[in-house]
Amino acid sequence: MSDVEIRVPINSDQDIVGARQKGRTLAAELGFSAADATLIATAISELARNIVSYARRGEIQLQRIQNTVRQGIVVIASDQGPGIRDVAQALQDGFSTSGSLGLGLPGVRRLMDDFEIASIPGQGTTVTVRKWRP
Amino acid sequence: MEVPILKQGKVLIATIQAALSDADLENLRRGLVEQVVKFRSLGVIVDVTSMDVMDSFASRTLREIAHMIRLRGAETVIVGIQPEVALAMVQLGLTLEDVATALDLEEGLAYLNEKFKTTN
Chain A
1 MSDVEIRVPI NSDQDIVGAR QKGRTLAAEL GFSAADATLI ATAISELARN IVSYARRGEI
61 QLQRIQNTVR QGIVVIASDQ GPGIRDVAQA LQDGFSTSGS LGLGLPGVRR LMDDFEIASI
121 PGQGTTVTVR KWRP
Chain B
1001 MEVPILKQGK VLIATIQAAL SDADLENLRR GLVEQVVKFR SLGVIVDVTS MDVMDSFASR
1061 TLREIAHMIR LRGAETVIVG IQPEVALAMV QLGLTLEDVA TALDLEEGLA YLNEKFKTTN
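The listed protein sequences correspond, in order, to chains A and B. Using my numbering, the first residue of the first sequence is number 1, and each one after it goes up by one. Using my numbering, the first residue of the second sequence is number 1001, and each one after it goes up by one.
Please keep in mind that the hints were generated in silico from the structure rather than gathered at the bench. A couple of the hints might just be wrong.
[Said to hold, decoys possible] Derived list of chain B stretches under chain A, where covered just means 3 residues or more per stretch with a C-beta under 8 Å from a C-beta of chain A:
1) 1050–1057
2) 1062–1070
3) 1074–1087
4) 1090–1099
Quick reminder that beta carbons are idealized off the backbone N, C-alpha and C, glycines included.
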């Protein structure tokens, strides 16, 4: 169930700031603590950065999620970029193909509660992360 | 969003006042390195109290600023990292490595003044 849905196009480094600010605002609206909102905003920043660095353009979607017992936020970062050839390797600390720190995905996984990635080489990557309100 | 750089004696103080894009951070790096040379500064304080997110690019740029300024013979202190920002940095696995940090501007100035005493 998702009644709130915000879509932020990511086309340049300027859009990274906007995406994480929208994420922080939604997290606060959903009742997350300031500390959790910071973790969520930081995760969004890294995901949006991956889009700019590897795929040049894509989109960040922010949604409210709710099940019978709790609610939370879901962040979906999608692009039609080159994709990731070896997802398992990309999830290891210290791995990078663009000369960056290579901490993006494993770090994002630690910041959030749930982490899913789907990537097809030549077609793009979608990363879905969730954080549940305590 | 340009970051104002204030000259106070031998120290330059850059106070980040809003969310910075990558380009803003790169401008800050260029501005600080230029001004350290121009004013023959011995110390630089970057006040990040207002930064609500420190991601991999921001922490890498701050490390680069500190290392470039050290090559010019001056010392950099990062001050004001907020507790929740510190938590996010640790979870992301980001560090500032050997870059000095201090609680706030006052502590940062005290750190630099102590450094100046021991080196002069």
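(message) For a quick check of understanding: which of the numbered hints are violated here, in increasing order?
(response) 2
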